[in-house]
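Taken in sequence, the protein lines are chains R, A and H. The numbering used here puts the first residue of the first sequence at 1, with every later residue one more than the last. The numbering used here puts the first residue of the second sequence at 305, with every later residue one more than the last. The numbering used here puts the first residue of the third sequence at 735, with every later residue one more than the last.
Please keep in mind that the hints were generated in silico from the structure rather than gathered at the bench. In this text, a Cβ means the ideal position worked out from N, Cα and C, and glycines have one as well.
Within a straight-line C-alpha distance of at most 30 angstroms, the following computed DSS-like cross-link-like pairs (lysine-lysine) qualify:
no.	chain 1	residue 1	chain 2	residue 2
1	A	K713	H	K887
2	H	K922	R	K34
3	A	K667	A	K451
4	A	K480	A	K676
5	A	K418	H	K790
6	R	K34	H	K933
7	R	K34	H	K837
8	H	K887	A	K493
9	H	K887	A	K715
10	A	K480	A	K611
11	A	K536	A	K451
12	A	K715	A	K491
13	A	K730	H	K790
Beta-carbon label-pair distances, calculated as ranges:
no.	chain 1	residue 1	chain 2	residue 2	range
14	H	V801	R	S45	47 to 53 angstroms
15	R	T250	H	G1018	40 to 46 angstroms
16	H	F1028	A	S719	49 to 55 angstroms
17	H	A826	R	D92	39 to 45 angstroms
18	H	G1018	R	R36	41 to 47 angstroms
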Amino acid sequence: MTATHATAHSEDTESKAGPAEVVAPRRSWLHSRKLRTTGFHLTASLLSALWLLPIVLVLITSTRTFDDIAAHGVGSWPHSFTFDSFRQAWVDGGQQRALINSMLVTIPTVALSLGLASMAAFALSRYDMPFRRVLLLLMLGGNLLPPQILLIPVSKLSEVLGIYDQLYALIGVQVGFGVGFYVFVLHGFMRSIPGEIQQAAVIDGAGPWQIYWRIILPLARPALAALTALSFTWIFNDLLWAITVLRTDTQMPITASLIGLQGQYVSMWNVIAAGSVIAAAPTVAVFLRFQRHFVAGLNLGAVK
Amino acid sequence: MTAFNATRRRFLIGTGAVGAGALLSSCVTQSPSASGGKSGGPVTLQSNLSSPQAKTAMEQIVAAFGKRGDTKAQLNTVASETFRTQLPTYLTSANPPDAYTWYPGSVAESYAKKDLLLELDDIWTKPELAGYSDALKKLCTSASSGKKVFVPTSYYWWGMFYRKSNFAKWGVQEPKTWDEFLDLCDKLKSKGVAPIGLGAGGDTPWVASAWFDYLNIRVNGATYHRELLAGKHRFDDPEVRKVFDKWDEARPYFDPNGTAIPFQDATTALLQGRTGMMLIGTFFADAAPKDALGDLDFFQFPIIDPKVPVAEEAPTDGYFASARTKRADGVKELLRYLATAESQELYIKSSSGTVLPTHPDAKDAGTPLVAKGRKLVESAAEITQFFNRDSSDALQPTADTALVHYLAKPKEIGSILTTWQRSAQKIWSQ
Amino acid sequence: MALIGSTRRSRATRVPPVVLAFVLIPLLAEAFWVFWPALQGFYLSLTSWDGLAAPKFVGLGNYSEMVHDAVFRTAAINTVLWLLLFGGLSAALGLGAAMLLQKERRGIGFYRAALFLPVVFSLVATALVWQAMYQPDGLINNVLEAVGLGGWKHAWLADQDTAFYAVIVPALWRQVGYVMVLYLAGLKGIDPALYEAAKVDGASRWQQFRFVTLPQLRSVNAVVLSVIVIDSLRSFDVVWALTRGGPYHSSELLSTYMYSTAFQSLRLGYGSALAVVIFVLAFGVIVSYLVRAFREAD
Chain R
1 MTATHATAHS
11 EDTESKAGPA
21 EVVAPRRSWL
31 HSRKLRTTGF
41 HLTASLLSAL
51 WLLPIVLVLI
61 TSTRTFDDIA
71 AHGVGSWPHS
81 FTFDSFRQAW
91 VDGGQQRALI
101 NSMLVTIPTV
111 ALSLGLASMA
121 AFALSRYDMP
131 FRRVLLLLML
141 GGNLLPPQIL
151 LIPVSKLSEV
161 LGIYDQLYAL
171 IGVQVGFGVG
181 FYVFVLHGFM
191 RSIPGEIQQA
201 AVIDGAGPWQ
211 IYWRIILPLA
221 RPALAALTAL
231 SFTWIFNDLL
241 WAITVLRTDT
251 QMPITASLIG
261 LQGQYVSMWN
271 VIAAGSVIAA
281 APTVAVFLRF
291 QRHFVAGLNL
301 GAVK
Chain A
305 MTAFNATRRR
315 FLIGTGAVGA
325 GALLSSCVTQ
335 SPSASGGKSG
345 GPVTLQSNLS
355 SPQAKTAMEQ
365 IVAAFGKRGD
375 TKAQLNTVAS
385 ETFRTQLPTY
395 LTSANPPDAY
405 TWYPGSVAES
415 YAKKDLLLEL
425 DDIWTKPELA
435 GYSDALKKLC
445 TSASSGKKVF
455 VPTSYYWWGM
465 FYRKSNFAKW
475 GVQEPKTWDE
485 FLDLCDKLKS
495 KGVAPIGLGA
505 GGDTPWVASA
515 WFDYLNIRVN
525 GATYHRELLA
535 GKHRFDDPEV
545 RKVFDKWDEA
555 RPYFDPNGTA
565 IPFQDATTAL
575 LQGRTGMMLI
585 GTFFADAAPK
595 DALGDLDFFQ
605 FPIIDPKVPV
615 AEEAPTDGYF
625 ASARTKRADG
635 VKELLRYLAT
645 AESQELYIKS
655 SSGTVLPTHP
665 DAKDAGTPLV
675 AKGRKLVESA
685 AEITQFFNRD
695 SSDALQPTAD
705 TALVHYLAKP
715 KEIGSILTTW
725 QRSAQKIWSQ
Chain H
735 MALIGSTRRS
745 RATRVPPVVL
755 AFVLIPLLAE
765 AFWVFWPALQ
775 GFYLSLTSWD
785 GLAAPKFVGL
795 GNYSEMVHDA
805 VFRTAAINTV
815 LWLLLFGGLS
825 AALGLGAAML
835 LQKERRGIGF
845 YRAALFLPVV
855 FSLVATALVW
865 QAMYQPDGLI
875 NNVLEAVGLG
885 GWKHAWLADQ
895 DTAFYAVIVP
905 ALWRQVGYVM
915 VLYLAGLKGI
925 DPALYEAAKV
935 DGASRWQQFR
945 FVTLPQLRSV
955 NAVVLSVIVI
965 DSLRSFDVVW
975 ALTRGGPYHS
985 SELLSTYMYS
995 TAFQSLRLGY
1005 GSALAVVIFV
1015 LAFGVIVSYL
1025 VRAFREAD
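This is chain R alone, in the form it adopts within the complex (with noise of 0.2 angstroms):
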């Protein structure tokens, strides 16, 4: 498979047939291989490091010195190393709140979104409801609706419910607008798995429950897991509606927060880069741990 991946892409138009074969003599073969192995990975190597520059740059500047760097430009190369910065943003800045915050809106709301879109997508996929097609793309399009047209209305709603400034608020309105799409995903990947399973369960005497509970969501659990990955980058790294519906510093959730420590810590880049560090660090985890569901989740749905 690589080989022929290998023949594909090459520069090389002299080995047509396959690998092993050459054409050329033997020993301009190996050196222009090597020799384009070595550019690639040149030019690769060179891209990533372009693109990791930022991320590196943030964290040296993490563990400057404010003095440092009123004293020498925060482009500077480093002339001091403390994590009292962090300390700084952790405690003063509030970070440390406001990561408590994150989790207490990211855990409840994945959570919630990815039950209900499962329940609704099962319902959807496996059952001939009326107006199937109908609800499922409903669903969908108000995932796709520019946020900025719900931002007045939701702000007063909330206004209203009394839950404006309540973590609730957020809770509510990021499931409210995640779940179709969520449901669009599931749904697409549970209409694949075969009738055969739930018929016989159904001729076992199970309900629609634990069709749903026992047999349905274990087997959707890859696109769980994907969606999963996927929802919890994307609601930990919310800003919109977190500055809509929070007002007060210690309710903000740690993107939010995130505005409000630079405000405070204007020039104090030790402490913002410290505080971009932390807002970073969790989802950067769930990435790690996480890549490939990460990447299939992505190419599940196509969206965002």
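Following the hints, complete the assembly by docking chains A and H onto the known chain R.
Then chains A and H, alone, in the frame of chain R:
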């Protein structure tokens, strides 16, 4: 099948829309009733004092208030610039914060006019506030309702701040007149230092307004300045043009990065010796390292026309409360505490100590810097507050746009002033 | 009956009531938090409201004001420009990166992860990272100075001429990794036999790309296009965190203008009208995406 579905779909959508329309006029657009009733929970104090030292000081005050009695207060600090833009939203929300840091005078009036501020006449008769000066009493009275809506707690001054050790290093001294000032700038420039620092970039473009204010009150006088801000003159008047002609003389000496960085970064540049001096208010000290305070000094904005009575910018800070608060009694108790000499001294002690208390009996920090500042304010013939405080929060962005534009493209001053007048007209006619 | 049902499609024909509940609960959640507010949003665009008193019905007054609003024009032009630049560049660079990194070989996982990593950062964190780099004494200016291009130094975020482009870069930095993943999946799905056939016909690499790769990627392109358009119209976080739409509206997008109008100037009616415009711009893409999904859904 498709056609059938489509018709049913259309019908459903139609019904839904009608039903929605009916529901629409209710619910969301309902303005929740404003009540001054009693409700539990601590009094919320929304504060824009987000500089590290100021924030610590506020936390101390709130803690001290809580120790006094049953009423507790809860401090909510919001980044200064976010607070500025969100204040109207706070005041108009259904469950607003109870008390707010802000400024008296014309700027509070724009909110008082809309009945958003709690009336405070009753606490002004109490002992804490009875001794306050008449000028302060007038400042805190709403022009439209005649009632007091504000409690002042401190004031500060603006000046050309510099680092004593740096001036000594460069061998220069404080100028008194405009010409001496320009000479000083020349000397600094020859030493490779950007003479005039500015921090009108990032989130703090309003810092540039200080230059406009001062040049206006030095060239045209405080009375003209106040009338201009109130809409009685025009921004495209020849008097305003004179202000910018004078500014042109100083402009070459400004830090070229002045409009790219917020004032906190400009403060750092000043302390590091990259710029020579900066026209700024004492609040900048709350964001500076504590050990630099002793090295700071300032001089008065140079006199341009000796015939014009000397005015200074000395803004007053304090608190007001939302008219929609559900904890009116608690709020009033908090405001009374904030008006005491004790709380004002506590604030001064815990922050950078560069503000002056409004309570006649309260003592300031007593440093030479503060003594000099007090003398500056007391010797002025007139006091102005600052651009937005003397006009309204809505007018400030028009100044920001105009002034930053001027600093970037000074030759377009004619069209800049015309545009400024046009935007200001929209605000004044509201 | 049940047997016939299972061979025709894998769906049960009888719908137990509890299953209806399965659908209705999520649907209700979405209706409450999304559809109902959306309808209200449309209604509010026809009013003038400051959030305090009752809203005043003004019909199409907001829209006619928009036509004369210079800031709206700037924001609209910037949004289109953003769409073209951000969209075009992220698609091109994403495809390029995918082409480069498509072969499974040693270390490929690292390179792909490196390019994809920015996608998991929140846009605010991304913005702040780049803000530090854009400072007058930040990395970018320092590097320019070091390589002798000191004349190119700018106050990137404060200069009217550069702010807009300066804000696109972090957004691109993030988007390329995402588009790359989409194209990687697409490229993997291309049958290698097609390339073989093309090679036998004597096609050069460029011709292979034009006549084999690109046509095969058509469906992925459609997805990428929808993603880009919807993301561009939503782009808010980066611009807001970096410049708030300034300096004097040079980096203003429709999304930031809507937010500042509604939540800072407190002109809720006008802000809603701006949101409706955003919706209309996105509508075409939303509908085409839904139509494609419709066909797939059965």
